[in-house]
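> In the order they appear, the protein sequences are chains S and A. Sequence positions in the first sequence follow UniProt numbering and run 1 to 364. Sequence positions in the second sequence follow UniProt numbering and run 1 to 386.
Derived from the structure by calculation, the hints contain no laboratory data.
Among the chain S residues that face chain A by a calculated CB cut under 7 Å, a handful are:
hint, residue
1, P62
2, N255
3, T291
In this text, a Cβ means the ideal position worked out from N, Cα and C, and glycines have one as well.
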Amino acid sequence: MNRARRDEAYCEKRRRFAGGILRKIGTTACVLLALGAGSTASSADYGARFLQQYGVKASIAPAMTPARSDAEGLFERYSPVESKTNQPRNVVSGTNPHNGADLAMASGERVYAILPGKVTEVKSDTSSQLGSVIVDHDTDGDGAPNGVYVQYVHIDPAGSGGFGIRVGDYVTETTVIGTVDRAKRYNPHLHIQQVSRGRSGAKDAQTMPMYLFYRHASLETWNAGSDLDYVSADWQDGNMLYLTAYAGTDNPRTNRYDRNRPAEIQLHYKIGSSGQWKMSPVRFSLYDANTLRYRIDLQKATGARKGQKVYAYAAAIRAVDPTFPNSASYRHGLWPQFYKQPDRVLYASSSAKADAASRVFTIR
Amino acid sequence: MRKTFKIAAAGTLMLALASGAALADAGVWTRADKETGRRGAQQGIAVDLPGREEKRLAAASVDPATGRASKRAGTAAAEGTTGTFTARLTADGLNDTLTFRYARSGGRTVVLPSPDLGYELHPLPDGDALVEYAASIYRLDPEKRALSVFLKAQTGNYRKTDRGPVSGGSPKMIVWGQRASLSPDGAKLLYWTTRGMTASGSEDGENWVKDLRTGTEKKVYGAGYTVLGWDAKNRFYLDLGDGGIVQVDSGSGASAKLVSGYSVAAVSESHLLYQTSAGSLNVRDLSTGKSRTFRGGGLNILRSASASRAGEWFAVVNAPDRSSGVSTLMLIHAKTLKSRTIKEPAGSSIIGAAWQDGETLLVQSRNRTTAAESTYAVDMKEEMGE
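Extracted from the complex, chain S is given alone in its bound form (with noise of 0.2 Å):
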């Protein structure tokens, strides 16, 4: 099925699956789609592109954490974040920016489903920490997939080889796909990913935002999900933008996981489809920082009048930390997000990039 055949099932399901309020998510899911999308649509220069997905309200399915802390996989346990989905890294090899987030999980840790689902992929190659899972996930419950990915990485799968999971197996929130792997390549750690594809070898597979599974997640532990995201959960109210944005990282010389504030958040923007490029002056500023909950008056910021519309993304440049030097090369993550090491400054050599990147405001 295609993915605008498969949106359109999923969507007319989450028509049918009652409740008011459950309906309105299922609404809103719908949109979303809609917007990815129109995202996956104007990708095609970006072969790796991230998948957009938009909204503060939304959640895809309330999902269990994929760590426990009991045998039969009932208690969650909301493992630290060692590094977001769209976080500018520090790293020799490995993606950057980071096409998932990383869980600080033990070597041998049981990794469970964080929702039931049918297994799509299962790559039990381990020699250098890339076994893995993907699970096309039951979103509603109703014990039909709905076409949501989800990629569990550095894992060994269960039972490689033998006896344990296969393609086609449906599996439960209390169903382990596998146990963290130990160290070879990276330190020990589940990678996990939302995908646009059943496999990780389709051409147009695209990393989407994690954070829309855990919008329940406590401050104390995911902060409504934003742990997984580097920059999420955008929202217009009038002309104000909000984002969340701070880098996740192990901190080697206390021994804590750090919430680092980027050290800025830059809006570029056009005015009118046939505007110039350009970066405003004027910053995101800090809201809340409790959430790390930024916001930006997109009117002041560029200067257009009411009704105009404004194209614009933004691009939060991660500060200096213990495990990002100043040497850092690359820095910057941008929303909507990207994926393999766009330019910061998407319009330098034609604006096609940042035309196709940015979102449209009408300012009001």
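Chain S is fixed; fit chain A onto it per the hints.
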């Protein structure tokens, strides 16, 4: 016509028996106490866990401007009132205030597991609790509302203030203690640590045991984690995934591999249940070492398994068809292998099962149409006559 009906009915019965479906067992769900939402248990205390509905409400309560939620998807005592208190942690350079949930039971303050509050919690027999926080383990006195250091700051050449080897220009983080598990007699505490990284460079971690009577701490097993449970002889069992299941003596550190390769498994104080091939499972008596094989009852592939602590019963969630979302619940007596197969509640999926105590099995389910979650408390005496 009647003959045709009889043949059809007989055929259905044979098919049902062949597939292990239990025709008369729908009554289990009507006899069991049914509670709304997800319920689990920790050391015999029933705890309401945040389920789909609680999480949905929490997500919907997020203020879009501030990002703050006005409702929390947290745990609560299944019975009685759930209260909260705070305690300060001023040790190891920390100066943090932690919030704890509690219920009053038997005149005592019982702290509830609350993963949404940012830590893991393990009740101790003396009423205190251990709190996993900031890569170490601390003791909480809930009556005094006080937190204190629990693990030694130095074991052998390892010091808590040590920092990991440098890699890529920065040192690596060390976990001093996490993922604690208490022995059934309350005398030993197993925990996982990467403190050995400073010497070995390995980040795979080690299993250490703290003797709660003498205070001594020592390594008892190398890398590998997921504690299945303990037996009555203070041996613990590690599920190493494809590396099998090992039995480790918490005193001597002597280990033995009991299962090779991946399995779905559960361990009680007396028995180990494990499945390594479809259609059968094995139950090993941990005292004698003798294993027996169980087949039948429609057993195919296990999705999960749970052992009652004392070891009389196992509850397993079985997938008659591994590609289908439909499961059966199987109850298997550890000694006799007497079993019973129970269909899912009408229109619902079984999410998981765990024991509240030796007599009560909590079965979590989700309605496939409304997504509403429920927990059934199955009375084993009533159902199995034990």
